[in-house]
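Participant: If you want the building blocks of each chain, they are given just below.
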Amino acid sequence: MEKLLLRNVDKENSHTIEAYLRSGGYSALRKVLKEMTPEDVIEEVKRSGLRGRGGAGFPTGMKWEFAAADLKEPKYMVCNADEGEPCTFKDRIIIEKDPHSMIEGMIIGAYATGCRYGYIYIRGEYPIGRKILERAIAESYDKGFLGENILGTDFSFDLYVHSGAGAYICGEETALINSLEGRRGEPRIKPPFPVNAGYLWNPTVVNNVETLANVPLIIERGGEWYASIGSPDCPGPKLFPVSGKVKRPGVYELPMGTPLSEIIYEHAGGIINDRKLKLVFPGGASSSCLTADEIDVPMDFPSLAKAGTMLGSGAIMVLDETDCVVRAALRLIEFFRHESCGKCTPCREGTDWLVRIMRRIENGQAGEEDLDVILSISETMENSFCGLGMAAHNPVASTVKKFRDEYLEHIRLGRCPFRSS
Amino acid sequence: MTLEEFRKEIEKLKSSRKYLYNGSYILPALWIAEKNFSAITPEIMRTIADVLGVRLIEVEEAAEFYAMFHTKPKGKYIIRVCTNLSCMLRGGEEILEKFCDLLGISPGETTEDGLFTIEAFECMGLCDGAPAVTVNEERFLNVTPEEVPKILKKFGWKGK
Ligand SMILES: Cc1cc2nc3c(=O)[nH]c(=O)nc-3n(C[C@H](O)[C@H](O)[C@H](O)COP(=O)(O)O)c2cc1C
Ligand code: SF4
Ligand code: FES
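These protein sequences, in sequence, are chains A and B.
Under my numbering, the residues of the first sequence are numbered 1 to 421, in order.
Under my numbering, the residues of the second sequence are numbered 1 to 160, in order.
Keep in mind that the hints were calculated from the coordinates and are not lab data.
Just so we're clear, the structure is a prediction, and the values are computed from it rather than from any experiment.
Virtual Cβ for every residue (Gly too), placed ideally from N, Cα, C.
Treat the hints with caution; some may be incorrect.
Unchecked claim - Output of the computed footprint for chain A on chain B, the stretches with three or more beta carbons under 8 Å from beta carbons of chain A:
no. : segment
1   : 43 to 51
2   : 108 to 118
3   : 140 to 149
As the list claims (entries may be wrong) - FRET-style restraints, in silico, Cβ to Cβ:
no. : chain 1 : residue 1 : chain 2 : residue 2 : range
4   : B       : E9        : A       : E368      : 48 to 54 Å
5   : B       : R46       : A       : T37       : 46 to 52 Å
6   : B       : E109      : A       : I128      : 34 to 40 Å
7   : A       : T345      : B       : E5        : 43 to 49 Å
8   : A       : M390      : B       : N136      : 47 to 53 Å
9   : A       : D40       : B       : E5        : 47 to 53 Å
10  : A       : D233      : B       : E93       : 40 to 46 Å
11  : A       : R135      : B       : E43       : 31 to 37 Å
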């Protein structure tokens with residue numbers, strides 16, 4: 001397939017505005033400002049069928065329509081560059097190698113929704129990305145794509161970078177907004193949604209980096225063209241970061257709906273040392289696992305939901321036959337315990353108890369009844385306040401269900417069968 | 001940086017008019033502190049609260065909540081070793097152990113000479129180069145245990 005999102009990343013100095021302009025960059029913004037009304041832009045994005053790439057898959061055109069309909073001023077456009085989901089590194093490629101594509105997408109989004117100010121919320125762990133973005137923003141101001149009266153029109157938009165400081169929960173959009181206000185990153189109740197009451201309780205559009213990088217393409221080539229790529233009900237190109245036990249870890253751009261098995265075996269080169277694949281987390285650290293028999297599934301939002309898991313960030317994590325399922329699930333739930341903000345009980349207590357039980361199992365000090373306790377905690381965690389707690393138990397619960405024998409072996413042997421001693 | 005210089009920096013930050021709300025300057029101000037001091041002390045937090053005109057507790061809350069802010073003294077170089085899943089599958093824990101062995105400290109601790117702090121860290125988005133390590137803002141990818149002494153020496157480690 002023709003490279004779309006990654007069309008620029010291999011070019012020399014692809015992060016500079018000169019390189020971006022040479023490859024036709026900012027022509028979508030010119031087109032928008034010269035020929036299109038904000039309503040036209042929203043219609044085009046709706047026609048494209050673009051769904052958010054941050055994890056929830058919400059239709060972008062609809063989000064923009066809601067924000068545009070809210071008359072409270074000023075409105076804010078926020079780019080979610082927190083990319084905290086373990087083993088997700090797709091936005092990093094755009095931030096570092098093609099920052100102007102997301103900035104252009106953001107300016108277009110601001111025009112469509114009537115946002116006056118914009119912030120890119122980047123995770124503290126991406127200091128290199130932050131510098132690249134700051135430089136790119138300065139370049140964009142220089143050329144008149146940002147600031148007052150952009151390209152001689154009466155549209156004005158100011159853009160800044162805001163750096164997080166190491167908290168996964170700040171990727172959740174309402175926690176992100178709290179963090180932007182200088183508070184602890186704790187989620188707010190929804191509704192009201194950010195499009196009506198976000199930053200400083202004003203209308204705020206929050207979009208993921210990859211989502212925004214799609215926007216110039218849609219404007220240049222049309223929503224209809226975009227809708228013809230990949231899965232019909234969830235179209236477009238998608239970035240898949242693949243890591244773990246594959247021969248060629250990396251970010252692969254493929255049409256939405258590409259089978260998981262094709263991504264692992266053709267694009268990522270198959271499993272290290274040609275071992276057997278044991279399991280895959282197909283959509284980041286909070287997705288339920290798939291076994292080797294289940295990987296023919298198309299990688300898009302509806303197909304993975306039907307398979308009992310989720311696309312999430314699209315991060316594919318591959319384990320082979322020599323890896324311990326219990327240890328992997330334990331490591332992920334340790335992450336969530338560390339990142340739980342503590343605001344609500346099911347998540348704060350649930351992640352803690354799951355870690356304790358999983359450690360007992362890994363160390364061979366558990367009983368079979370512990371597996372039922374895990375599943376009951378997991379059920380309770382469904383009632384958590386935000387998406388973190390609602391999904392954090394998935395890797396543990398799904399492996400208990402699908403790899404029960406391996407759990408039982410730990411219990412029977414009184415140790416981890418994958419450790420030599 | 002002296003406290004007086006720091007105060008000037010925060011005043012400069014505030015006059016950038018980047019935000020329409022003073023609370024939003026708290027994180028950027030804490031970042032300036034994090035980069036220029038060994039620890040974000042109560043005095044520093046008071047300075048931030050004072051200049052921004054926010055309550056001290058708001059600054060304290062933020063400083064405590066975010067993992068990358070150090071309210072206890074840290075070393076000149078912070079070594080972050082990722083131990084999350086993709087790095088774990090490719091030997092991240094051995095890398096962490098090697099660093100700890102060589103420096104004679106445990107994760108979260110700082111060497112006596114104040115040169116290094118070592119942290120067992122969560123995913124840093126460098127999983128295609130697992131196992132991944134960062135030292136301040138520099139990245140090291142596909143790290144092997146043999147490379148660990150070389151990395152340390154680059155930052156002035158005197159051991160062997
Ligand atoms: C715990 C949690 C973490 C999240 N982390 C991120 C993240 O790192 N990046 C991101 O874009 N969205 C993240 N999201 C999703 C955001 O809340 C939000 O849906 C998204 O940024 C909206 O943008 P989109 O519509 O373009 O996808 C997270 C959600 C939850 C519940
Ligand atoms: S689910 Fe977890 S992260 Fe979300 S509000 Fe509750 S405690 Fe905080
Ligand atoms: S798991 Fe180590 S950098 Fe992502």
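Participant: Now tell me if each hint is right for this structure.
Facilitator: Here's how the hints hold up against the structure:
1. 43 to 51: violated (count 0)
2. 108 to 118: Violated - the segment 108 to 118 of chain B has 0 residues with a Cβ nearer than 8 Å to chain A, which falls short of three.
3. 140 to 149: It is violated, with 0 qualifying residues against the three required.
4. B:E9 - A:E368: 48 to 54 Å: violated, 59 Å
5. B:R46 - A:T37: 46 to 52 Å: Since B:R46 and A:T37 have Cβ atoms about 51 Å apart, the given range 46 to 52 Å holds.
6. B:E109 - A:I128: 34 to 40 Å: violated, 27 Å
7. A:T345 - B:E5: 43 to 49 Å: holds, 45 Å
8. A:M390 - B:N136: 47 to 53 Å: violated, 36 Å
9. A:D40 - B:E5: 47 to 53 Å: Given a distance of about 51 Å, which is inside 47 to 53 Å, the answer is holds.
10. A:D233 - B:E93: 40 to 46 Å: Distance hint for A:D233, B:E93 holds at roughly 42 Å.
11. A:R135 - B:E43: 31 to 37 Å: Given range 31 to 37 Å: holds, Cβ gap about 33 Å.
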